[in-house]
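Q: The lines below spell out each chain.
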Amino acid sequence: MLSILSTRHSPATFTWIRVLLVITAGALGLGMLVENVQHRQLDPVAVLEALVGWSFVACGVFIWARRRDNRLGPLMTIVGIVWMLGQTMPLVADPIMFTAGSWLSDLWAAWFALFLLSFPSGRLTSRTDLAIVGVYVFVTVPLEFLWLLFWVPGNGLNALAIAPDVNAAHVIDTVQRAVIAFGGVLLVIALGRRWLRSSGPVRRQMAPVLAGAITILLQSAAWILVPFGIAIDPLHDLMLVAQIAIPIGVLIVILRARMARSGIADLVVELGQTPTPARLRDALANALGDPSLQVAYWAPSQDRFVDAAGEPMLLPEDGTSQAVTMLERGGVPEAAIIHDAILLEDPGLIASVASAMRLAVENDRLTSEVEAQLQEVRASRARIVEAGDLERRRVERDLHDGAQQRLVSLSLELRVARNALGDRGDPAVRRSLDRAADEALAALSELRDLALGIHPLILTESGLGEAIESLADRTSVDVSVDVGPERYSPAVEGAAYFVISEALANVTKYAKATKATVRVRDLADRVTIEVSDDGIGGADPQVGSGLRGLADRLAVLDGTISVVSPVGGGTTISAQIPTVQPTTPSVPALYAVPISDDTMEA
Amino acid sequence: MSTILIVDDDPRFRAQARDVLAMDGFVVIGEAVDGASGVEAAQALQPDFVLLDIGLPDIEGFEVARSLAVNGPPPWVVLTSSRDARAYGRRLANGDFLGFIPKERISGSAIRALVGHP
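Chains A and B are the protein sequences, given in the same order.
Every letter in the first sequence is one number past the one before it in our numbering, and letter 491, counting from 1, is 491.
Each number in our numbering corresponds to the 1-based position in the second sequence with 1000 added.
Among the hints, erroneous ones may be present.
Part of the chain A face toward chain B, derived, beta carbon under 8 Å [stated by the list, open to error]: (1) T325; (2) L327; (3) R329; (4) L450; (5) I454; (6) E469.
A short list of chain A residues far from chain B (calculated; beta carbon distances all over 12 Å) [as the list claims (entries may be wrong)]: (7) Q41; (8) S409; (9) S411; (10) L457.
In case anyone wonders, no lab produced these hints; they're calculated from the structure.
The beta carbon of each residue, even a glycine, is placed where N, CA and C say it ideally should be.
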């Protein structure tokens, strides 16, 4: 029978099947009411009975149309149709119809049991469930047939009564009632156990099924009590009301699952703000309606999943109440969402959540990568500047230890030679020696200027203040120096010195100034530098590479430089250098723990 | 005749300074290769002058000059270096020394000029 659910059929075929079923159900229900009106007064119970059928068919068809991958819809539709056939066919005054209807009259219970046990997927998941459904089928099909062979109805329309025997029929009927009541108890136990094992959201989803279990209990009680002449009408009415409510309850559960997708929008917003792992978990749990949800991150270095704190995590195995949705990139796992297995029943929902999170993970991975690269670039720039400074010191030292010493030695040697000669010897040789001594001194002087420009030893030996004083002494314009005795890191002192030295060089070369001022202020977290002159102004910071080079050098230390140079108003160069070096920027917290491993390698 | 101790790690400079100063009428009564031995030699030899290199391998010349001033009657300390005065700035302005002469300008007259008499 369930072969009609096969996807071999086109959607249009299904639509037609559903339309036909709805029409059939409508007609059957109306038939029940009309028959009822013809025979008796319109009994509220008959209305309830028709509503049970309509409720099952209407809700079943709706779910069937919305969730084509789920057998629940078709199953509910079958329950409704079979129910109504069992109610209406025995009313027809025709032996064949009456007999078939009587045979069918309890068959709905087997479909109902199948529906309850296969909730929410529409598929039975265990042999126990199958066995319980088997009990129902056994009672409602072969035993019912056997009973029909003996049963003598009041209207005498039983076409199968080949050996009418009231006693035999009664015995079979009693056996049927006992067995089906037993099956009912088993079913209620099975559903109860499933409910107890489930997590919160699933328990809520199972509410209509529990109502079904209650009807089964009521039905079982009715089946047991009727042979004893005890008919509890309110019990029967209550059962009918429950049966009307069940499909509606299932429909609401299914609709709520669909509505849950609107939570995806909230999730995407939350993920866009790079939440902490805890907030990510909460957002996912909210979107999926599963408070037990957990997120595991793949740690490539450990070759296993870890939680947000980096502790190893074991993923649940297949067939348990929890399921795993894996987030992969290029076949490599990145993260896993551990959630209630029931959520697999809405593959669209879990897929939406997974792709939202995949985007967030990817976004975060790219952010971390860019962040790591940026840090690497900053670090390498700082290393280049540092290496440059070290190299300058080495060159200065080499000059001092090598050429400078040799020129000193040469000068002294020439002086010794010249003194040894005294007033004697060839005057031309004496003059030549004097000139050679002067040349040696001049070479030495130039070499010292060069060494000082490469690296001012006084800066590392005595600090910025002394170095600037010394620099001011060597500058042709009058420079007033206001620099404290504070010492800073070599990098900061180096940068400050080169800013001032470049500024003073510009004052000498271009500003046509009579005097200049150098002011260095030591603030709590930074040092400010100001070099101003009374020159012609109009300096264009865009022209020439000197200032660009200074800006680059300061940028290494997160420092800044600015130039104010109105035409005719002198030039002021201001710079700021942080003396407290910033800590490394924090990697976004979301996936920092596990994913940083491979982003750092990248 | 003034006596002088030469403290420098460069043997070539010590030899040349010895020649130059001897020519100018100084008696070079000793040589030391570093700060520590320089202080010892000064205490042992009690020279009138110490020609002291700033860039010694163990202790900086400024520091050696301070030690010499602490122990006993101080000799006149003349600091020298193959770098010129710009490399040391204000550190040369005052201290436990007579003055600074760059190495290539070392001579008896330069030292005497520091003392203030020719």
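Q: Work down the list of hints and note, for each, if the structure agrees.
A: Okay, the hints, checked on the actual structure:
Given hint, T325/A at the interface with chain B, is violated; its Cβ is 70 Å from that chain's nearest Cβ, farther than 8 Å. Nearest Cβ of chain B to the Cβ of L327/A: about 63 Å, over the 8 Å cut. The hint is violated. Interface restraint check: R329/A against chain B, minimum CB-CB distance 59 Å, threshold 8 Å, status violated. Because the beta carbon of L450/A sits about 12 Å from the nearest beta carbon in chain B, more than 8 Å, this interface hint is broken.
The interface hint given for I454/A is violated, since its Cβ lies 12 Å from the closest Cβ of chain B, which is over the 8 Å cut-off. With its C-beta approaching chain B no nearer than about 6 Å, E469/A sits inside the 8 Å limit, and its interface hint holds. Distance check on Q41/A: its Cβ is at least 121 Å (rounded) from any Cβ of chain B, clearing the 12 Å threshold; non-interface status holds. S409/A, annotated as away from the interface, has a beta carbon of chain B within 12 Å; the closest lies near 6 Å.
With 12 Å as the threshold on Cβ separation, the claim that S411/A sits away from chain B is violated: the shortest Cβ distance comes to roughly 4 Å. L457/A, annotated as away from the interface, has a beta carbon of chain B within 12 Å; the closest lies near 5 Å.
In terms of the numbered hints stated before, the structure departs from hints 1, 2, 3, 4, 5, 8, 9 and 10, listed from lowest to highest.
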